[in-house]
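J.: Next come the chains, spelled out residue by residue.
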Amino acid sequence: MDAFKNLFRKKFTEDLDIKDADFDKLGIKLKKEIDAIFGRSLAIRELDSGSDNSTEIEMVNLTTPHYDIERFGVTFVASPRHADVIAITGAVTRNMELAVRKTYEATPGPKFVVAVGDDACGKGIFNGSYAVLGGADKVLPVDLYIPGNPPTPKEILKGLLALMQKIRKNRSGSERHSPHIVAV
Amino acid sequence: MDALIGELSQASNGLIKPGGVRQGQGGVYVPVLENKLNEALEMLSGKGFELVNLFGVEGFEKKGFTLIYTLEKKGYADLIFITVSLAGSSADSVAAIFPSASWYERGISDGFGITFNNSFDSRRLFLHEAYPEGFHPLLKSFKNNAKLGSAASLPVSPKKGAAQEYAYKEIEGEGVYVIPVGPVHAGIIEPGHFRFSVIGETIYALEIRMFYKHRGVEKLAEGKPPSECVKIAESISGDETVANSVAFCSAVEDISSIKVPDRALYLRSLLLEMERIYSHLGDMAGMAIDVAFAAGASPFFVLREEVLRQNEALTGSRFMKGTVSIGGLTKETPDSALKSLGSFLEVFSKRFSAAVSGIHSSTSTIDRFDTTGVINKELLSPLHITGPAARASGSGVDTRVDHPYGIYSDLQPEVKTKQNGDVLSRFDTKAAEIDDSIRIIKELLRDMPKGSIQAAPVGKIKDGHAGIVMEAPRGQSFHWVMIRGGVVYRYAIRTPSFCNWQAIEHAVIGNIVPDFPLINKSLNLSYAGTDL
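First to last, the sequence lines map onto chains U and H. Start counting the first sequence at 95; every next residue gets the next number (the numbering used here). Start counting the second sequence at 4; every next residue gets the next number (the numbering used here).
These aren't lab readings, by the way, just hints derived from the structure by calculation. Cβ coordinates follow ideal geometry from the N, Cα and C atoms, glycine included. One should not assume that every hint holds.
Covered by chain H, per the in silico footprint, the following chain U stretches (three or more residues, Cβ under 8 Å) [what the hints assert, rightly or not]:
(1) 120 to 130
(2) 141 to 147
(3) 223 to 235
(4) 239 to 251
Isolated chain U, as found in the complex (with noise of 0.2 Å):
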């Protein structure tokens, strides 16, 4: 009898009241790029090195129905095996270095590497710290740097529409992979 109460009843949804128009903007930029260059979707694998964890949960956030970042083609996905981009986050301490490299290796290419927060683009407090090697490029080739502590999720959607403009520009131009810093 529940399944037929569920057929009938008020349906589990709610219009939000959160448009945000200048997001909702970036989004479909991104959209766009995706659907242009990774054939409509863009698979994320998170690798957390030794972030203070404000990072994962702004990337959590994107997920969230403020943001909801996969109706423009973006999942964060459970397995290397299945991504496109790593997203780093962390200094990279000693005891996750192995850990880093090995989900590095196993991702298949073509494959990118973005940095994100502080910690990640070599600038975290904890550089000079026994513990720490100092930021994502010391262990991995990274693509792109998104600086912030932690940078909110409309920073981290505008770097992964520069990741996509600076693809698109390698792929016409040179293959000189150089990083490009998001003003942000």
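Take the given structure of chain U and dock chain H to it, following the hints.
T.: Positioned in the frame of chain U, the structure of chain H alone reads:
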């Protein structure tokens, strides 16, 4: 205070001499002779004292190592610090008296090279195989420097060896197989290792290994002026930013007798409760996601996002970073932000209860939550489990009430407990705590004093030491700060997750593997806060 000293001297049969006891910031310091330590701790354990933290200091009151055993007992606002000066670099393990001591002792071994006799677990804790044996970062003889290269260049003590592979417990038997999970996990989550021994679908045993995110927080603070260490305290764990920075600043304020103005105390408490609310909202959303009830999780995510935006309006940062400082706050909170917070909270409660009934009215969700991941009440004291995880298993502990700080002596929180200790109890406990935090914030807004948000010029920071306990969203947080020569000499930290992680090895037994993410999320412990 006197009652505490009285109880100690009465019971101790001469182990503790009233003359040797002295009052310090945050508690009573009791020196005990090395060879009397076990006796003293047995006695205290028998009297209902619980181990809050155990840490080492080199050169505390004289050369050599001192171990400080921090204890608490319900009914006493003050802590007890049992200090033991070691003649050499070994001590007796007290894990047989206080099981939670095991991890602390392993950490002290890693940090200082002190060995513990009769310990039942002497594996390295926060230094994994990447570090050479014989490297002890907390020794004063080792200094951080920016030129540190590969691990091979780290200085080691003479008694070194090749880094040994970590030996996990082995469970053997018919049908037992091992599922190792992590450090990199499937979702957007911090790294840690879980090694399950499973029979069929049912978990027979679980061993966890943390400290993949060990960044060297305690060492980083050494030698820095306290004002530079506030940012370090904020970075311990992003969603405990306010709890940890307030704890650090309070310790420094206690040492230098800095009086924080009332308005700043009220605002700090307001931010602490905002942090509690958004932390619990995330947990509740996560629990629904982990049983694949995305529609049920969405209202919690929506509310959390709105709370983060309120945080930004109040402080300029979604995580309230850069707001707390020694003596008060870094900047004034605009009255308009306080006013809009008030209107937000009016609407919040109704939407929040609708979201909670959305979960309660879903029979399939309740079926997953109910009786899953039970933490027995008997585990709480030996492992020093605190926070909603303890309150959901029937314990009435709440550091805001047991050791009042800030405005909590005047504005007492209502301690919410449940009895079953399962996922559903933890979900309901967090929901009740959010309601209580809203009540507290409303009273703070109503009675918000006017005036300065920063103490009169702080001046030179005095030398001394202080211990602080606070109720972070996940449970009891402990910070001990020692200032010498105007800079931080030692900063010992223990966030609630360090203790609470050990409960998960017991909570999963008898549950099926697919319920593990749910049990994990119902505790929502911080990996960064544990690993430091």
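J.: Taking the earlier hints as the rules, which of them does this structure contradict?
T.: Hint check: 1 fails alone, others pass.
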